[in-house]
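Student: Sequence:
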Amino acid sequence: MTDIMNQPANDIYDNALIWDNHAGFESRPDIDLSQLNHWRNSGVSFVSVNVGYDVRPWTNTIHTLAHVRHWIESHPDDYVLARSVDDISRARSNGYLAVSFDIEGMEALDGNIEMIQFYYDLGVRQMLFAYNRNNRAGGGCHDEDMGLTDFGRSVVTEMNRVGMLVDCSHSAYLRQWRRWNCLHHPSPFLIKTPKGACDHPATLR
Numbered sequence: 009m010t011d012i013m014n015q016p017a018n019d020i021y022d023n024a025l026i027w028d029n030h031a032g033f034e035s036r037p038d039i040d041l042s043q044l045n046h047w048r049n050s051g052v053s054f055v056s057v058n059v060g061y062d063v064r065p066w067t068n069t070i071h072t073l074a075h076v077r078h079w080i081e082s083h084p085d086d087y088v089l090a091r092s093v094d095d096i097s098r099a100r101s102n103g104y105l106a107v108s109f110d111i112e113g114m115e116a117l118d119g120n121i122e123m124i125q126f127y128y129d130l131g132v133r134q135m136l137f138a139y140n141r142n143n144r145a146g147g148g149c150h151d152e153d154m155g156l157t158d159f160g161r162s163v164v165t166e167m168n169r170v171g172m173l174v175d176c177s178h179s180a181y182l183r184q185w186r187r188w189n190c191l192h193h194p195s196p197f198l199i200k201t202p203k204g205a206c207d208h209p210a211t212l213r
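Each residue of the sequence shown is one higher than the one before, counting from 9 in the numbering used here.
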C-alpha cells in the first residue's frame, strides 16, 4: 500500500528539475565548496551559489566568483556551469549538479551599469536590489524606504536586456511596488516569508 501511495510522488520527482535558487554560502574567495555534494547527493538538479552581497566590497564579489568558477570547472565529473535551462536539463540527465550564481545587492556593480553584462557572462543569473541597507540602487528593508533611484531603474532595464533575474528580496516595502513599473519579466521574492507567517521587517507584506 505504501509503495502504491508513493508512486505518484516518485513519478513527479523522477521527472522534475529540483531547484535551489539561493544557496547561502558565505561569499569569500576561500570558500569550501565541497558542501555542494549535499545537494548533488540529494538529487538536486540545480543550485545558485551566492557570490556576493552588499556588506562586502564589490571586489570581494569578483574574487569569490573567480574562485567558485575555478572550483566548478575543476570538478567536471560532478558539476557543470549552467548558462541556460537546457544546460540544467542536460546536467540532470547525465547525473551532474548544475550551478549558476547570484548576488545580493547592487553595490557589486560599483555604480557601473556595464558590470551587469560582465557578471552575466561569468554565470550570474540573478541579483537583488539591496541587502537590507540602502545603496545606490534603492532602499533596503532595514533602512529608510527611499524607493528606486535613477541608477536602480537603469539597472533593471539592463538586467531585463541581458536576461538576468531581478530578485525583490531584502527590499524596502515602497520600492517593492515602485519597481514594477520598470520590470518587463517576472520578478520573484526568492528568499522572502509572508508577513502573516512571521512579523519581521524583511518579510513580504
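FYI, nobody ran anything at the bench for these hints, they're computed from the structure. Please read these numbers as outputs of a predicted model, since none were measured by experiment. Glycine is no exception: its CB is placed at the ideal position from the N, C-alpha and C atoms. Honestly, I wouldn't trust all of these hints.
Quick list of the computed label-pair ranges, beta carbon to beta carbon [stated by the list, open to error]: (1) D158 <-> A17: 46 to 56 Å; (2) G155 <-> D40: 23 to 33 Å; (3) D94 <-> Y21: 27 to 37 Å; (4) I121 <-> G51: 30 to 40 Å; (5) G171 <-> R144: 30 to 40 Å; (6) A17 <-> N120: 44 to 54 Å; (7) S162 <-> S50: 35 to 45 Å; (8) D118 <-> T165: 14 to 24 Å; (9) Y21 <-> G119: 40 to 50 Å; (10) N49 <-> S82: 13 to 23 Å; (11) Y21 <-> V63: 30 to 40 Å; (12) R144 <-> N18: 43 to 53 Å.
Student: Could you work out which of the previously given hints the structure breaks and list their numbers from low to high?
Tutor: Hints 2, 3, 5 not satisfied by this model.
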